[in-house]
Amino acid sequence: GDSVTQMEGPVTLSEEAFLTINCTYTATGYPSLFWYVQYPGEGLQLLLKATKADDKGSNKGFEATYRKETTSFHLEKGSVQVSDSAVYFCALSDRGTNAGKSTFGDGTTLTVKP
Amino acid sequence: DTAVSQTPKYLVTQMGNDKSIKCEQNLGHDTMYWYKQDSKKFLKIMFSYNNKELIINETVPNRFSPKSPDKAHLNLHINSLELGDSAVYFCASRLGQGATDTQYFGPGTRLTVL
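These protein sequence lines map, in sequence, to chains S and L.
Number 114 marks the last residue of the first sequence (my numbering); no jumps.
Number 114 marks the last residue of the second sequence (my numbering); no jumps.
Hints are not guaranteed to be accurate.
To be verified - Below, computed lysine-lysine pairings styled on DSS-like, alpha-carbon distance capped at 25 angstroms:
(1) S:Lys60 / L:Lys67
(2) L:Lys40 / S:Lys101
(3) L:Lys67 / S:Lys101
(4) L:Lys41 / S:Lys101
(5) S:Lys113 / L:Lys67
As the list claims (entries may be wrong) - Stretch-level coverage of chain L by chain S, calculated; a stretch enters the list once three of its residues show a Cβ under 8 angstroms from a Cβ in chain S:
(6) 35-47
(7) 50-61
Stated by the list, open to error - Residues from chain S that face chain L, not an exhaustive set, calculated with beta carbons under 8 angstroms:
(8) Ala53
(9) Lys56
(10) Lys60
(11) Phe89
(12) Arg95
(13) Ser102
(14) Asp106
Note that these hints are calculated values from the structure, not bench results.
Built from N, CA and C at the ideal position, the CB exists for glycine as well.
Start from the sequences, fold in the hints, and give me the full structure.
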């Protein structure tokens with residue numbers, strides 16, 4: 001079946017540091033890939049997505065590139081802020097028999113200190 | 001306007017009680033979900049409906065029963081509550097079952113069973 005493996009947390013960084021959160025996946029079909037962010041006390045919201053190989057999703061300074069050859073979708077940001085402190089979830093949505101079902105990673109908690 | 005809303009936001013109850021959580025989306029989406037998030041932030045899909053039809057029913061105790069009176073509403077009824085049911089429950093919706101579709105999450109219902 002489908003699965004998503006993301007970097008274990010928690011991750012603690014100083015403000016303006018570079019962020020990478022690794023995400024790799026296995027899928028039976030040709031999935032779309034997503035990063036969702038969950039701020040404290042809130043529901044998940046879409047951060048960015050990519051729907052085909054070599055696509056780059058970007059939003060709020062975050063980027064991730066769909067790498068089919070390495071089955072990866074790593075999240076990066078050049079300079080994090082305190083307000084980026086949240087839980088980040090990598091997810092995939094497959095086609096075919098798994099249509100309609102998303103598979104989420106376990107989440108990575110990021111804390112950014114001033 | 002809130003896209004996906006849930007009531008109540010907090011629910012504190014005794015073991016053995018029966019409770020319901022309601023969800024409504026005003027996005028015109030066809031597909032809705034219930035997820036359970038535990039204290040470690042792991043997100044687990046429970047159910048999904050597409051146009052009022054149950055399409056995903058993961059391994060969930062049959063004390064949990066979803067009901068979709070129309071495609072804008074998806075409620076979750078829980079019988080004989082147990083300590084292990086304490087979690088945050090998220091409702092989500094999605095345009096359809098397309099792999100590229102983003103999921104939109106509600107703010108969550110924090111259930112505490114005493």
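Hint check:
1. S:Lys60 / L:Lys67: violated (37 angstroms)
2. L:Lys40 / S:Lys101: Given that 25 angstroms is the threshold and the Cα spacing comes to 22 angstroms, the pair holds.
3. L:Lys67 / S:Lys101: With a Cα-Cα distance of about 18 angstroms, the restraint between L:Lys67 and S:Lys101 holds, given a limit of 25 angstroms.
4. L:Lys41 / S:Lys101: OK: L:Lys41 and S:Lys101 at ~19 angstroms, within 25 angstroms.
5. S:Lys113 / L:Lys67: violated (44 angstroms)
6. 35-47: holds (count 5)
7. 50-61: holds (count 3)
8. Ala53: This hint is violated: S:Ala53 lies away from chain L, its Cβ roughly 13 angstroms from the closest one there, beyond 8 angstroms.
9. Lys56: Interface hint status for S:Lys56: violated (15 angstroms vs cutoff 8 angstroms).
10. Lys60: Cβ of S:Lys60 sits 15 angstroms from chain L, so the hint is violated.
11. Phe89: It holds, given that the least Cβ distance between S:Phe89 and chain L is near 7 angstroms, below 8 angstroms.
12. Arg95: Nearest chain L Cβ about 5 angstroms off; hint holds.
13. Ser102: Where the cut-off is 8 angstroms and the nearest Cβ of chain L is about 6 angstroms from S:Ser102, the hint holds.
14. Asp106: Hint holds; S:Asp106 Cβ to chain L Cβ min 6 angstroms, cut 8 angstroms.
Of the numbered hints stated above, those contradicted by the structure are hints 1, 5, 8, 9, 10, listed in ascending order.
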